[in-house]
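Participant: Below, each chain spelled out in residue letters.
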Amino acid sequence: MFEIPDDKKYLESHEWTTTDGDTVRVGISDFAQDELGDVVFVELPTEGDELAAGDEFGVVESIKAVSDLYAPISGTVVAVNEDLFDAPELVNDDPYGDGWMLELEPADESEFDDLLSPEEYREQTE
Amino acid sequence: MTAGNGRRVGSPYAPHTDADEAAMLDAIGVDSVEDLFDIPADVRFDDEFGIDSTDERELRQSLADLFARNEELTEFLGRGHHAHYVPALVDDLSRRSEFLTSYTQYQPEIAQGFLQVLFEYQSMLVELTGLPVANCSMYDAATALAEAALLANRLRRGASGHRVLVPEHLHEGRLGVLENYLDGADMEIGEYPMDDGAVDVDALSDLVDDETVMVYAESPTVRGVIEERLADIGDIAHENDALFCLGSDVVALSLLQEPASVGADVVVGEAGALGIGSAYGMGLGIFATREEYLRQVPGRLVGVSEDSEDMRAFTLTLQTREQHIRKERATSNICTNQAWVALRTAMHIAWLGPDRLVGIAKDAVTEARALAQRLDDLSGVKAPVHDRHHFREFVVYTDQPAPAITNDLAGRGFAVHALDDHHIQVCITEANADAADEFVAAFEEVA
Amino acid sequence: MNFDQARFSRDDVYEPLLSEKDSTTVEVDADGVLPDDLTRDELTLPALSEPQLARHYTRLSQMNYSVELGPYPLGSCTMKYNPSFTEDVAGDPRAAVHPDRSDRTVQGTLGLLHGLQEYLADIGGMDAVTLQPPAGAAGEFTGILIAKAYHEARDDDRSEIIIPASAHGTNFASAAMAGYDVVELPSDEDGRVDIEALDAAISEETAALMLTNPNTLGLFERDIVEIADMVHEAGGLLYYDGANFNALLGRARPGDMGFDIMHYNVHKTFATPHGGGGPGAGPVGVVDELAEYLPSPMVRETAAGYEQYEPESSIGKVHGFAGNWLVLVKAYAYIARLGDEGLADASAKAVLNANYLASQIDLDVPYGPFHHEFAATSGDRDAADVAKRMLDYGVHPPTTKWPELVPEAMLTEPTEVEDKASLDDLAHAFNAAYADSDEALETAPSKTSARRIDQVSAARNPRLSWQSLGDEE
Ligand SMILES: Cc1ncc(COP(=O)(O)O)c(C=O)c1O
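Top line first, the protein sequences correspond to chains A, B and C. Just so you know, we're using full-length UniProt numbering here: the first sequence kicks off at 1 and counts up by one. Just so you know, we're using full-length UniProt numbering here: the second sequence kicks off at 1 and counts up by one. Just so you know, we're using full-length UniProt numbering here: the third sequence kicks off at 1 and counts up by one.
Isolated chain A, as found in the complex (with noise of 0.2 Å):
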């Protein structure tokens, strides 16, 4: 059984999301770095860049599979987490927590109503 937390939203292609209010954070769910297996690299935007929902934003890789991560919302990067550039295993020891990937100022808040709730994206991962 994989990890669903409730206090986020999902993406189809796994990313997960949360706001504080201010910020957004994104990261990828336990379900999709357990299908990555070892994560051993992981590739994220400069800050300031704008994204659009759904936009690419970096990838990240195990030894067998690379993946594009999208962006859930639109807004600007104001943050990456750059511990996981010396240390991507993070990604698999902690997916919603040390393993986050970037912090977005949103752009406009309702583009979080159009995002999977946790029992949808369950319902998607089973």
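Calculated directly from the structure, the hints in this document are not laboratory data.
One-sided excerpt, in silico: chain A residues whose CB lies under 8 Å from chain B: (1) Glu61; (2) Lys64; (3) Ala65; (4) Val66.
List time: in silico EDC-like cross-link candidates among lysine to aspartate or glutamate, alpha-carbon distance up to 20 Å: (5) C:Lys401 - A:Asp38; (6) A:Lys64 - C:Glu442; (7) C:Lys401 - A:Glu35.
Chain B residues, not near chain A, derived (Cβ > 10 Å throughout): (8) Ala19; (9) Pro87; (10) Ser160; (11) Thr366.
The beta-carbon is built from N, C-alpha and C at its ideal position, and this holds for glycine as well.
With chain A's structure known, arrange chains B and C with the ligand on it following the hints.
Facilitator: Chains B and C with the ligand in isolation, oriented as in the chain A frame:
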């Protein structure tokens, strides 16, 4: 199975006895091998190619006879394909079947030997180029150049366009391959002029703009000229956010300015000059680059890891760049490469060691200089045409028509290449240097 | 059979690196040769004596598995025996000539190239063949460029290449490199081209369909004539990936099936050695209508002898010179040695061996009837682990986890060179590994020079040269 005359019918390398074949068919549950072919009748081939099988002795004789139709000429030929003396050790050890008849190292635990040799090859290229990442081979210098241009285009640092600038003097094979590889990426090639055989740096500077993704220069050039302003060329590229790609070869790299020290972002070129010698153009493409472009490198990379007993071990790595994982988004389509040539080149470099390697590189300069001078002393001949330092080869001007001279030299046992009506290119290495006296004498007779 | 691979080790390394045995720095003093600023300052490389080197490489060779040591049934790779005499033929000093030699002075070289062009054309049912592409992937790229030139000459702008999902990765990469969008075709439930899906995929954008036949599951595309008609009717061309041609020699020819362009994988089908990853050669054959686009130069025979020429609308160059000459010599020698009967027999025995081996293993083979190779599945066992365990039985395992159509695939191609006893050994290795405990599988191999290698560490912390090892820790 043998026919009445004792000659094998069928493949001599398929070892089945009749009894085994019968037992195998029985185990499968069919009556004959033909039953195993699921090929519709309308596409079955029931004709013959008309190729007679030949026994090994006869075949070796007939191929020896065929090759005897090649005239035995002493070659003073270069232009991107160079012959140096290949030591017996390289032939002997590279032909060990453990190396020769192995596949790509997909099971590294059982292929440590080859992986280590490739890792050592990569390391030698890192030393020679000064760049920290070298792959374990491209097909040849031409395809390596083309791959460098594609890499530059993927990075597209500051550029708004897709142009690669190449020197006016560029081997037609390299230019041709580059054109074909760039076509699919909607890239274009611009040519910058040469000034007396070397890069016209001012003209280059005027041509580089924000459409340029890569500036390519060679040292030595296809005409053997040693480029004197590599650092300036690198600066021009970098000021315009373009990559600087330097073409060279494995011998020249041991003597000439280290590519990293002149700002090269990618080094391509030929490494087969050590390892295989004259092989009708078959070669080994060098590809080395900076650490920051690691994920964009085409081709295979061997890296170090540990095994379950914590011993150092080698393995192919970073394979997500490659076609078998990333398919149409791979950094290149290359799969089978030139691994065995890289093995031979590494053996040859190791056999030479740094002293002798630098030694043959110096000889390539001094012998070329001496030969050019001797030809220049002949009447109706000017050599070298370009007033530059040369490596191995140089262009000669002749009053007499160059094609006729080339022909006459062939009649006297020497091969040179006519560039046009009055220019001939001449190349010398330790492999043909002993024949230099006779060559000059012959040249005198025909020029 | 018991097996232990040679294993030289000291402390925590196997055979030390050349640089660890000796590393010598020489000052590059070019006084009187070149101005100082045109030369490098120093060069650091190993400087070992010849006997030391001979031992280094001989030891390394012993830590390397090869066809001459035992079966090497990598599916899609055709690891057959490489006849010894072909090495000697290729090593003939009179064949070691430079590509700038004039045609008149290299009639032997051109004669061999011409002969190989003809052999390959006959064997594939093609009208003209270029020998220039240096590997299969380069052949694919060449073939697609020819298709592109053909369409462009008709002012027919097409943007897509259709490729079955089960195809080799190079097909996708080659099509993309030539500037095409790739349309991926799903397989039908029999593992072959899904005709309906193909019908839906074909359009006036279709430049070509690339097919491997038999496909990468060893299955013959029975509907090939219909497929060819569909593609041709839409104005597209049909491309044959010749990696699996070892199944069909003398029994079927791509040209007769309606293929317009094909590449030959001579380092598979025609027994030239793989050399630890290359060199190979990927000659490309085409039908008459496309011959004018072939790369330059080609070789033809005239009354005055052999000569090189540039085809009328040639796509130009795909290799700096004439391709991998030494490989081409060996391929020629192999074909001439075998002749019609030998080639046909090679295919017959390759297919017999695959079918016999499949009948002797306990793993399920979901798709058939197959020819020279089959995709077994290790079911709920990890195919990569089973493969590692097979190493301990002294055989090379099959290609694993590909094609993806078969879960936990073990794509197996024994080739014609194994006899029954050796296939029985191979079957034993399959069955014993497959039946082993989880622990045995996960800790395998234990009889190889190196034990299970950590792929994750290699990729997370790339160390790609001996120079990089110094920086560690
Ligand atoms: C089915 C198939 N197509 C194409 C290729 C590519 O050939 P090469 O490795 O010679 O480039 C291969 C082999 O690796 C293959 O198995």
